[in-house]
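Chains A and B, in that order, are what the protein sequence lines are. The numbering of the first sequence is the numbering used here, which starts it at 43 and goes up by one. The numbering of the second sequence is the numbering used here, which starts it at 64 and goes up by one.
No lab work stands behind these hints: they were computed from the structure. On a predicted model such as this, the values are computed, not experimentally measured, just so you know. Ideal placement from N, C-alpha and C gives every residue a C-beta, glycine not left out. Careful, some of the hints might be misleading.
A short, non-exhaustive set of chain A residues, derived as facing chain B with CB atoms under 10 Å [claimed, not checked]:
(1) I98
(2) D107
(3) K134
The following label-pair restraints were derived from C-beta to C-beta distances [what the hints assert, rightly or not]:
(4) M64/B x P149/A: 56 to 64 Å
(5) N141/A x Y422/B: 42 to 50 Å
(6) L49/A x G109/B: 33 to 41 Å
(7) T116/A x R166/B: 30 to 38 Å
(8) S95/B x L133/A: 31 to 39 Å
(9) E470/B x R140/A: 52 to 60 Å
(10) A574/B x E44/A: 33 to 41 Å
(11) R66/A x V529/B: 49 to 57 Å
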Amino acid sequence: MELQFSLALGVLTTCGVYLLLRARTFSVILGLTLLSHAVNLFLFSTGRLTTGAPPIVGLVAESADPLPQALVLTAIVISFAMTAFVVVLALKAAVELRNDHVDGEDPDEDRL
Amino acid sequence: MNHLVILPILIPLIAGASLLLVYRYKTGRQRSISVTSTLLLTVLGGWALFTAGSGEHLLYHPGNWPAPFGIVLVLDRLSALMLALTAGLALFCVLYACRGIDRQGAHFHALFQFQLAGINGAFLTGDLFNLFVFFEVLLIASYALLLHGGGRARSRAGLHYVIINLVGSALFLMALGILYGLTGTLNMADLAIAIANTGDGDRALLTGASMLLLVVFGIKAAILPLLFWLPRAYSAASAPVAALFAIMTKVGIYAIIRVFLLVFGLGDSPANATAWAWIWPLALLTLALGGVGVLGSASLRTKTAYLVIVSVGTLLATLSFMTTTSLAAALFYLIHSTCMTAVFFLLADLVGRHREQGYDGFTGISPVAHRWLLGTLFLVAAVSLAGLPPFSGFVSKLWILQATTGEDLGFWLWAVLLAASLLTITAVSRAGSSWFWKPGELSAPAEPLDRSCFALVWLMTGVSIVLSLLAEPVGQYLLLTAEQLHAPEHYVQAVLPEAFSHYLSQLQETAP
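Sequences are here, hints too, so could you generate the full structure?
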């Protein structure tokens, strides 16, 4: 389980960083989303990976750590709100600047 | 438990929420709510300075959950200082915005109050995850504030600002995850003990987490490789917003001080050594780049944005000497530089509005109305900013130079700081002479001077004079603050008395 989990994290982060470095806003936002998924999974795993363990002390012999779950919940809410905001901002910028490059300048158009 | 400690967060939150409710009311009513809340914050800032001045750590446990299980708010001298500084700055900014800029877009005052709630929360919290949450609160308000007024330049700068800060948030969470995975806690005092007890095997991971945190705070504070978003964002923001943003880089510096002196600073061989080793050269390079940028910028707003970068470089370079005097001198410079960069953002707007063309740019030649009044104000502000006597800039730079004389690397700071100051003087005097000394007649009769804004900027410049007159008591307070920061044991003992005595007894067992 640990190996699969870390592989998934690695792939998500790699794709996220790759997309983040692209020149158009849409792929950058996708990259941010993937990165925040990776981060959320990573936060979740800091309470150690267990299966079938409820996060309540006393029900079973080995309970899961509830704190990372609470942290992930907060992080998900924040990253969800931020993604929504950045999508709207990117649309606004695309309309106002008439292109969707992160620099706000279209190299092909400006060369003409 | 003193309930006043949580008020600097609650007041702006309630004010911001009620401003959303009265959105349809007249602007005057919205303004009065916003100004009242900021005034209350200023009073609270004074109270905090007075109370924390005793050297005691004031604790507040929201929900009465004991630390480290619940979140804890801690008011010490540094927090009090930052709270008071933010409140004072915000009062000037909100009054300036009430002269019309707040009507350029919706919800200015609500966003302003939410931003203040986030900033104050970041200064008060004693929990690392809570620091992340307050960072997000202040960031999301600042995203919207930066875009206030609309326009292409703001959309473009806003996009960069938002994306780089979202990446920063992701890195912050990664660092928090590593720290929690290693230690099982996120309370700063508890983390300090756990990190001091970490074995050699986990040392590398710990250093990794600390460097990730340095990157995150470096983005906020604008240290060299992470500062290129700043000039564009700060110069695109409307004047009162940019002036408030003068405190935002200082939030990053506050976080660096707090985390690296407290969380990673406990024990005989603290884990912050790697971070400080990186901060010193990067800060010097930041300072140098800021100096060049000040000379090379094409408008007063961009110039001021680079002045913010210069101040960050100076602050961090001075901090990294890690002595009590250098820390105190850096804190004095922090107060001075925050006020003066804010003055210059407002001044750029004030002069720009009274120019016929070109707003605050240096390229076009265009006459300025009310040349004598605005010119005198510019001269006084520039003299204070550049660090000439009798203003606070002189006192703070002198103190920094004095504090670093005896150090091995002090020479480097002297060289770069003085060179950057020379570049600043050159740039500011060139700006002033090209604006106010170029003869030229106005083509139309001048609009009347905006007296309230003019008086506000004079008052803010006056703060600099007051600061230099009160340099002795302020300096004493800052020395005590620096002593408190260099003794993280007291903080830990105040927050977690039992865990700390346990830690001490462990130390005594292993010592002989």
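So, going through the hints one by one against the coordinates:
no.	hint	verdict
1	I98	16 Å, violated
2	D107	8 Å, holds
3	K134	6 Å, holds
4	M64/B x P149/A: 56 to 64 Å	59 Å, holds
5	N141/A x Y422/B: 42 to 50 Å	25 Å, violated
6	L49/A x G109/B: 33 to 41 Å	56 Å, violated
7	T116/A x R166/B: 30 to 38 Å	35 Å, holds
8	S95/B x L133/A: 31 to 39 Å	35 Å, holds
9	E470/B x R140/A: 52 to 60 Å	54 Å, holds
10	A574/B x E44/A: 33 to 41 Å	38 Å, holds
11	R66/A x V529/B: 49 to 57 Å	51 Å, holds
Hint compliance for this structure: hints 1, 5 and 6 are broken, all remaining hints hold.
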